[in-house]
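Counting with this note's numbering, you get residues 13 to 413 for the letters of the sequence shown.
Everything labelled a hint here was simulated from the structure, so no lab data went into it. Heads up, a few of these hints could be off.
What the hints assert, rightly or not - Restricting the straight-line Cα-Cα distance to at most 30 Å, the calculated cross-link-like pairs of lysine-lysine (DSBU-like) are: (1) K263 to K184; (2) K184 to K331; (3) K47 to K298.
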Amino acid sequence: MKAGLERVSSSLAAAPFAGMVGMEGCAIALTIMAKTVLSGGMVNRMVMSPYVFVVYVNALGTLFLFPFSFLYHRSWWLGSGGGKNNEILEEKQQLQQQQQQQPVFPLLVRYFFMGFTGIALSQNLAFMGLVYSSPIVVCAMGLLIPAFSTVLDVLLGGRAIKSTHWSTSSFKFKLIGTLISAVGAITVVTYKGPYIREARPSPSPHLQTKQHRFVFYSLADADSWAAGCLLLAASSLCVSIWNFLQSDTVKRNPKVMEVASCYSLAGTVQCAMFAWVVERDLGAWKIKLVGLESMVILVTAVFGSIIRSSVHMWSARAKGSLYVAMFQPFRIVWATFFGVSFFVNGLHYGSVIGTVVCGMGYYTILWGRIKEDEGRKVYADDVKCSSDNRAPLLVEDNSQV
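Produce the complete structure using the sequences and hints provided.
See the structure below:
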């Protein structure tokens with residue numbers, strides 16, 4: 013009996029790890045399938061416009077998000093909470109007060125810009141970059157998000173950062189990690205290296221018919237690879253900007269899934285407007301209800317809007333937000349495994365090496381953030397101890413540092 017309980021407890025403890033590893037594998041598998049759909053990786057398949065693909069995925073995701081958000085927050089609101097009833101009641105009261113105090117229009121503006129940076133810009137850039145590069149490059153450029161966030165933090169909050177902050181070990185780790193990530197990204201762009209597995213290049217004929225609209229459609233293979241890398245890097249920069257907007261918006265409206273639903277709707281409308289301007293061919297908007305394209309769109313929408321977000325929130329509650337962030341470099345392993353095993357996309361040694369270097373930079377920045385959080389906890393404990401023997405004004409002064 014005791015051994016059985018121990019096995020159950022160990023299985024429950026390992027569940028967040030297995031869930032996060034599985035989510036990263038699913039994300040890479042869907043990225044590879046999207047690459048196949050967008051670049052004509054399968055014989056006798058119609059090539060789909062990346063702009064239309066983004067619209068359909070986000071439209072379906074938004075349709076799933078709104079009822080899911082309602083059920084999620086309703087179940088949380090009605091939940092008993094077990095032995096934490098008092099804490100939950102206090103949290104609900106604070107949530108009610110925050111919602112009553114927040115004007116609607118500023119939140120709508122934030123949703124608009126979150127949809128613009130997090131969906132309209134980032135996803136269109138990402139899928140265009142995917143067409144001209146490979147899934148392993150998507151991994152590499154996605155690992156640049158913490159580096160971009162560090163640079164933006166310095167640029168946007170440089171004046172507010174005290175001189176003592178620049179000499180802390182946490183900042184040094186983040187700076188070193190940013191430099192390592194930059195080296196990895198440059199390696200991915202400039203050095204492809206020999207093939208691990210060669211695939212027949214199949215640039216999208218859909219894109220080749222639109223050379224007059226965007227200059228990089230007519231680039232040579234080497235130039236289009238660099239253009240794809242730059243597009244993916246620009247997408248990561250947009251996600252970093254979106255992270256800043258999201259963190260501040262959630263403070264104003266703590267209903268996370270409600271925020272996600274609203275900015276997803278805003279981003280979908282923006283994507284549809286952009287795609288309608290760029291993609292005037294009505295035939296490009298037609299897809300078969302039963303086929304690879306519709307399957308990839310449906311699975312990507314469900315996975316991105318509900319499954320991955322649910323697993324991430326559950327793992328964050330069980331282990332913390334930094335635990336969730338630790339698993340993104342696992343995509344390197346999945347991308348390499350899929351690249352040499354099942355899928356038809358080519359894989360280069362240089363791309364894998366550069367992506368691994370980006371992963372090293374990612375973990376270095378993450379370690380700096382862990383050290384920074386530890387410093388904040390120690391500082392908060394010191395403030396709490398000092399506040400027991402000093403005036404309340406001292407606490408207010410320290411809280412603004």
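Okay, the hints, checked on the actual structure:
With a CA separation close to 28 Å, the supplied pair K263 and K184 stays within the 30 Å bound. Among the hinted pairs, K184 with K331 is consistent with the structure: their alpha-carbon atoms are about 26 Å apart, no more than 30 Å. At roughly 18 Å between alpha-carbon atoms, K47 and K298 fall within 30 Å of each other, so this suggested pair holds.
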